[in-house]
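Since the structure of chain Y is already known, use the hints to place chain C on it.
Chain by chain, the residues:
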Amino acid sequence: MIEGILIGLNTALSLKNILMVVMGCFFGTIIGMLPGLGPMTAIALMIPITYGFDPATGLILMAGVYYGAVFGGSTSSILINAPGIPGTVATSFDGYPMAQQGKAGKALAIAAYSSFAGGTIAAIFLLFAAPSLSKISLSFRSPDYFALMILGLTAVAAFSSKGQFLKAMMMAVLGLMLACVGQDTLSDIPRFTFNNMNLSDGISFVLVVMATFAMSEALTIILRGTDPSSAAKAISLKELGSIKLDKDETKKTLKTIPRSSVIGFIVGVLPGAGSTIASFLAYGMERNFVNKEEKEKFGKGSVHGLAAPETANNAACSGSFVPLLTLGIPGSGTTAVMLGALLGFGIQPGPRLYMTNPEIFWSVIMSMYVGMVILLILNLPLIPYIARILAVPRTFLIPMILFFSVTGIYLMSFNTFDIFLMIGIAVVATGLRLYKFPMPPLILAFVLGGLMEENLRRSLLISDGSFNFLYDRPLTAIILAFTILIFSWQSYISLKSK
Amino acid sequence: MKISSVKIISLLFFVLSAFYLYTANQIQVFAFDVNSPFNAKTFPIYLGYSGMFFAGLQILLPEKSVEKVNHNVLDYKKVIYLVIIMIFYGLTILKVGFFLSTSIFLLLSYYFLGERRWKLMLIFSFPFVAVFMFLLHGALNIYLRDPLLKYLGIIG
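Top to bottom, those sequences are chains Y and C. As numbered in our numbering, residues 9 to 506 make up the first sequence, in order. As numbered in our numbering, residues 4 to 159 make up the second sequence, in order.
Be a bit skeptical, because a hint or two may be false.
What the hints assert, rightly or not - Listed below are the simulated DSBU-like cross-link pairs for lysine-lysine, each with C-alpha atoms no more than 35 Å apart in a straight line: (1) Y:Lys-444 x C:Lys-10; (2) C:Lys-80 x Y:Lys-444; (3) Y:Lys-504 x C:Lys-71; (4) C:Lys-98 x C:Lys-81; (5) Y:Lys-303 x Y:Lys-260; (6) Y:Lys-308 x Y:Lys-504; (7) C:Lys-81 x C:Lys-71; (8) Y:Lys-303 x Y:Lys-24; (9) C:Lys-71 x Y:Lys-308; (10) Y:Lys-504 x C:Lys-10; (11) Y:Lys-444 x C:Lys-153; (12) Y:Lys-444 x C:Lys-71; (13) Y:Lys-305 x Y:Lys-252; (14) C:Lys-153 x Y:Lys-24.
The hints are simulated quantities; they were obtained by calculation from the structure and are not laboratory data.
Bound conformation, chain C alone:
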């Protein structure tokens, strides 16, 4: 039996299902519900077994064609950069505010994806976010918390 990436993923799913099943069994149900035909842990228990069943079949049965992914042509670097920028965006959006954090997020994303036309990059970051915020406030009446703009007296 060949150990392919799909089988490794299936093995991980098998372990996840086993953990899910274990956690489902740990769910505390009300005393009067313990012997009920159906309680809060019944469905998750079935799901745990189903996950193990399908993952087990995928591991045990031979593969029709092994899924080959050429990792050399995949651009992991850019994806990692984007994920880091998104995490940074998530960390700053509440503290710094929507306007600045979103504009910086867009600017950094354009830059790390290889864009170097600074004029366009600036237009599609700060002014774009300002228009977007205006539409949210003005048209949809959605309030966005922004300590920076509040400090500057732009929003109330």
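So here's chain Y without its partners, still in its complex pose:
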């Protein structure tokens, strides 16, 4: 492991990669601050750029964008009660009241320290958990992988949809359907191409991500008439107050960080859960841990109430890398985008990544520490200034997002058919968004589609067409039992409320 850490440090601390982390954190912070534009949009816009680099650098850049976006989301939560991303909604419960009491600077400082600590502690957990889990996952066979993918899709559908489980499952199926377009990987037989040569290689992953996130989010903002930059305009540089914490505030923050880090990391590792659930869970748990007097302060500017979700959402980000790096199965929409980008590099994340591409495996883990330090440096003194940069009017912001989306896909294929296909998918996705059809399950399914078919193919061929493989191995049966449990629970909730 020491050797791996050194390899990782060597890669992560190269000037180029440090620059990438800085750039990623900066860009992610800006996008994360804008309500409506989340980490998936930020990463989607970055993908065409990453293809100009080696895989390790590309992944480091995307990871930086991810942390930056989560970090940026907390700033708008605290300052103007408009969470940039769902994972920072719980931050606003106590962060915004603190800002209203004239302690915005302190609230930002608590958020920055908690995020730094949560992310760093979780990265240490990842350092130990990932190699161990990689070794265990080497014993996984095709049926286990197939079952894991079904579990991942069901979990993401269950958690991302807030009571809209069926809609989320429909989106997952749609993602799998889109993944089947093009030549069959084994027999090269064309499927769903309708004799169109442009579809014979299938639909590009970047195209689907850009269309369903960057482009459709931009169109949704225009459709709803919202102005994401209005949030930034409301921030006053003079009213932030001191960023220095007193002894009592430091003590409270230090007490909260360890327990919220553990909660955040564990929730982040679970497929589908992610930073939103982690932050809410940590907030709720923290309320139970503190004494009665402190409990009263929750929702009115409690230090515990602010530190807990901030620690947990960053810890969950690091945790979500565990299934991606060790099993090759993303646990969230954001890590699904990263998996898609890695597949584009010709790299298959999974248990063998640890052995075949140690520089990627370790440099991503090591870059997390670098990223956390950079975010701390960036967030504390610079955040009010970054927020001012955001006061870019939407009349310029939206065309820029559309420009980067269209150009990004054009530069990858130099094919105008892809531009028209992207516009078509974006228009459909915008319509679906209006009626709360969630997009993350579609992306996850699109990325997993090929792998899922491959593992189902192997499993069925080994078992001679019988579906006994679903319960022949205890591991497969256990994973599927969890899937059935989630499915039944979601169905029960839906039927009960109806």
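The following block gives chain C in isolation, referenced to the frame of chain Y:
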């Protein structure tokens, strides 16, 4: 049973899944693969059934709360303008070239979104695209086909 927009979308998805299933059954597999436990159409067939299953459930089960979208407050006009501009951009990018088509795309987008500060609009269109192209050519070594700039002798 109320017919809501979500149910109509689900019905459309049901029809799409049925069509997908039909198309999956039409996939021509190799003769030696027809009776194989798994061939090129197996997975798509399962997907077709799954899509019909979930869409069917969404149609049949009563809705918890009907998703209400106030269409009067939605700015469809601007979205349609943007989509038309993007299609126009897609149609011209190869023929006219990256520089001019992108600059016009940006300029038109700013204008239709309500921007009227012409100085800023011009700065963030032509010079912005020129810098972007320079970065692509110079830093990332990505060649962009541009007949206009080639004709003018600016690029080789």
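Cross-check of the supplied hints:
1. Y:Lys-444 x C:Lys-10: With Cα atoms ~13 Å apart, Y:Lys-444 and C:Lys-10 stay inside 35 Å; holds.
2. C:Lys-80 x Y:Lys-444: holds, 22 Å
3. Y:Lys-504 x C:Lys-71: At roughly 22 Å apart (the allowed maximum being 35 Å), C:Lys-71 and Y:Lys-504 satisfy the hint.
4. C:Lys-98 x C:Lys-81: holds, 26 Å
5. Y:Lys-303 x Y:Lys-260: Roughly 13 Å separates the two Cα atoms, so the pair holds.
6. Y:Lys-308 x Y:Lys-504: With Cα atoms ~34 Å apart, Y:Lys-308 and Y:Lys-504 stay inside 35 Å; holds.
7. C:Lys-81 x C:Lys-71: Answer holds: C:Lys-81 to C:Lys-71 is near 21 Å, not above 35 Å.
8. Y:Lys-303 x Y:Lys-24: violated, 47 Å
9. C:Lys-71 x Y:Lys-308: holds, 33 Å
10. Y:Lys-504 x C:Lys-10: holds, 20 Å
11. Y:Lys-444 x C:Lys-153: violated, 47 Å
12. Y:Lys-444 x C:Lys-71: holds, 10 Å
13. Y:Lys-305 x Y:Lys-252: holds, 21 Å
14. C:Lys-153 x Y:Lys-24: Holds, at roughly 34 Å.
Of the numbered hints given earlier, the model fails hints 8, 11; all others are met.
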